[in-house]
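Engineer: Residue numbers (the working numbering): 1 to 301.
Keep in mind the hints are simulated off the structure, nothing from the lab. Given the structure is predicted, the values throughout are model-derived calculations rather than measurements.
Taking CB as the label site, the calculated pair distances span:
no., residue 1, residue 2, range
1, L85, P14, 27 to 33 Å
2, R221, R16, 31 to 37 Å
3, G94, G60, 20 to 26 Å
4, G121, D256, 40 to 46 Å
5, T154, R41, 25 to 31 Å
6, E73, D217, 45 to 51 Å
7, A195, P155, 30 to 36 Å
8, T154, R89, 25 to 31 Å
9, P58, R89, 22 to 28 Å
10, D217, P96, 44 to 50 Å
11, V245, S156, 19 to 25 Å
12, E159, D217, 35 to 41 Å
13, F84, L37, 18 to 24 Å
14, T154, V245, 16 to 22 Å
Ideal placement from N, C-alpha and C gives every residue a C-beta, glycine not left out.
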Amino acid sequence: MLLASGAFAQEAAPYRHPYGFELAVPANWTRSCSGDLVLFRAPWEEGDAPTLALLVQPPGGEGSLEEAVERTETDLRASEEIAFLASDRLDVGGRPALALRYRIRSRERSLWQVAISLADGSTLFLSFGAADAEIAERTPLFERILRSLATFETPSASEGHFLFRHPLGLAFEIPGGWTVEREGNRFLFAPPDHAGDRIPLVLAVTAPAPEELDSLDEIERTIRERLDEARLRPARVEDLHLGNVLARSVEWVDPDTKDLVRQTGLMWCGALVALTATAPREEWEEIDLALDHAEETFRFE
1 MLLASGAFAQ
11 EAAPYRHPYG
21 FELAVPANWT
31 RSCSGDLVLF
41 RAPWEEGDAP
51 TLALLVQPPG
61 GEGSLEEAVE
71 RTETDLRASE
81 EIAFLASDRL
91 DVGGRPALAL
101 RYRIRSRERS
111 LWQVAISLAD
121 GSTLFLSFGA
131 ADAEIAERTP
141 LFERILRSLA
151 TFETPSASEG
161 HFLFRHPLGL
171 AFEIPGGWTV
181 EREGNRFLFA
191 PPDHAGDRIP
201 LVLAVTAPAP
211 EELDSLDEIE
221 RTIRERLDEA
231 RLRPARVEDL
241 HLGNVLARSV
251 EWVDPDTKDL
261 VRQTGLMWCG
271 ALVALTATAP
281 REEWEEIDLA
291 LDHAEETFRF
301 E
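Given the sequences, and given the hints that come with them, work out the whole structure.
Structural biologist: As structure tokens, this is what we get:
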């Protein structure tokens, strides 16, 4: 049964997430991002390395913890590629949790998937996988990771703002009352009285980043190429830090709408992160202030 055995002796490092939880993950495991998943992988150069995948479903997601796990179990049992092995109810860090165990026949790989209900209404999904021949040996490590789950109180936003939290583990502050909508990998932010198709502030997170965009210089080069096609030059280019990560900001004027545009890009956790502000000159001061505050309050976990 999961969580039944003792601790697994391996050096660990804390991983903190802006949704207010912390896990102890092996210190030598690599971290990357894919879509909304945070992926940790053992540093094995050969073979089928153990992995840990982490996904946060924000409050107000699709149904209760039980409903989410039931849908997953139904899908697993319906697949000929999957051998469903077990399900269990757990207590993880004082929080209710449900666990599923299954194996992928063609890959000879076994997985534990645990869904944990967090205090703010969000759900943490953890998936731990290892080769069939190693899963019994590796499961105590996953048990130790589960036992390490701790929650903490997230910092309050400054007056007049709210804290936006991305599932991958980045966060920043947005003016209170602004709306937030999601379209694919983009989050769209707008003042409450906003009308029209133009979106004043957009966060785009592409994980993993395109291979050709592996540095700030490449990000700037791509922007300049787009501007060159329109026979434009950047009005301003500067480097700055968002949290502890170096970023590059490029500002220009849209040739068609005459809107001011400022895009700040950076590389983090193998992902391309871009924050873009767009507004006509008469509205730019409000949008620019919102962008400046977002950049000043950016933090990464």
